[in-house]
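Asks: Spelled out, the chains give:
2 protein chains.
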Amino acid sequence: MVDMLPKLFFVHFRETSFVAERDGELAGFLVGFLSQSVPEEAYVHFVGVSPAERGAGLGRELYERFFAAARTGGRTSVSCVSSPLNAGSLTFHAAIGFDASPPKAGYDGPGEDRVVLTRNI
Amino acid sequence: MVDMLPKLFFVHFRETSFVAERDGELAGFLVGFLSQSVPEEAYVHFVGVSPAERGAGLGRELYERFFAAARTGGRTSVSCVSSPLNAGSLTFHAAIGFDASPPKAGYDGPGEDRVVLTRNI
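As you go down the protein sequences, you meet chains C and E in turn. Counting with this note's numbering, you get residues 30 to 150 for the letters of the first sequence. Counting with this note's numbering, you get residues 30 to 150 for the letters of the second sequence.
One chain only, chain C, in its complex shape (with noise of 0.2 Å):
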């Protein structure tokens, strides 16, 4: 995860991240960002819940606080990737409305397929 998740995102991404804890210890964590190039769109770059914490609708409340940062931001839709043998993100995010293109081959690298998942807000 280390990763994947540079400081920078701390530091530069703030309005657009967001940590959930339950008596003071991680629950969840939501990273995103508006786009600098598409001025529509706004993009989910990781999302984590702790496995103690899931089926309970946190990492469906953790996209509602980044869609509503991301409206006050002016964007109108969402996207993020996933890999296409990770079954139970796409079935999450299918749950919460987003749709998947076709899986695209070496998307991220050499290897690293992704489906682009989108969503208007």
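The reader is advised that the hints may include incorrect statements.
The list cannot tell twin chains apart, which means a pair is met if one copy fits it or any two copies do.
Mimicking EDC-like on lysine to aspartate or glutamate, the simulated pairs with C-alpha atoms at most 20 Å apart in a straight line are [what the hints assert, rightly or not]:
1. Lys-36 - Glu-50
2. Lys-133 - Glu-90
3. Lys-36 - Glu-141
4. Lys-36 - Asp-142
5. Lys-36 - Glu-69
6. Lys-133 - Glu-50
Hints in this document: simulated from the structure, not taken from any laboratory.
Since the structure of chain C is already known, use the hints to place chain E on it.
Replies: Just chain E, lined up with the frame of chain C:
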């Protein structure tokens, strides 16, 4: 390098990212962005120069392009981070006018110490 450079940077930060080619081959690149949270600042995420091209000013030229794009975006300072063990990077950044912080232990995660480099533009 793949972990540091998911495709999102080339989709969402196009105005502040540059690729240099020579005879159709990649010679160097710089990926950066305008900070979303720090309105006076731009950030350089990753720079690479091909071994055959080093020492000929290409790194400096990529930074000059980035400084110009950052000024166009209304920014007055640029920051980036480097490992305290990367003497080549620290020497290069000093030569083009960056000031270096003392090393910050665990800045990018456990064992990932960083020097923060800053320069006014």
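Asks: Hint by hint, say whether it matches the structure.
Replies: Hints versus structure:
1. Lys-36 - Glu-50: within (19 Å within a copy, 30 Å between copies)
2. Lys-133 - Glu-90: neither (28 Å within a copy, 34 Å between copies)
3. Lys-36 - Glu-141: between (23 Å within a copy, 10 Å between copies)
4. Lys-36 - Asp-142: between (25 Å within a copy, 11 Å between copies)
5. Lys-36 - Glu-69: Between copies only: 19 Å across chains, 26 Å inside a chain, cut-off 20 Å.
6. Lys-133 - Glu-50: Close neither inside one copy (35 Å) nor across copies (26 Å); limit 20 Å.
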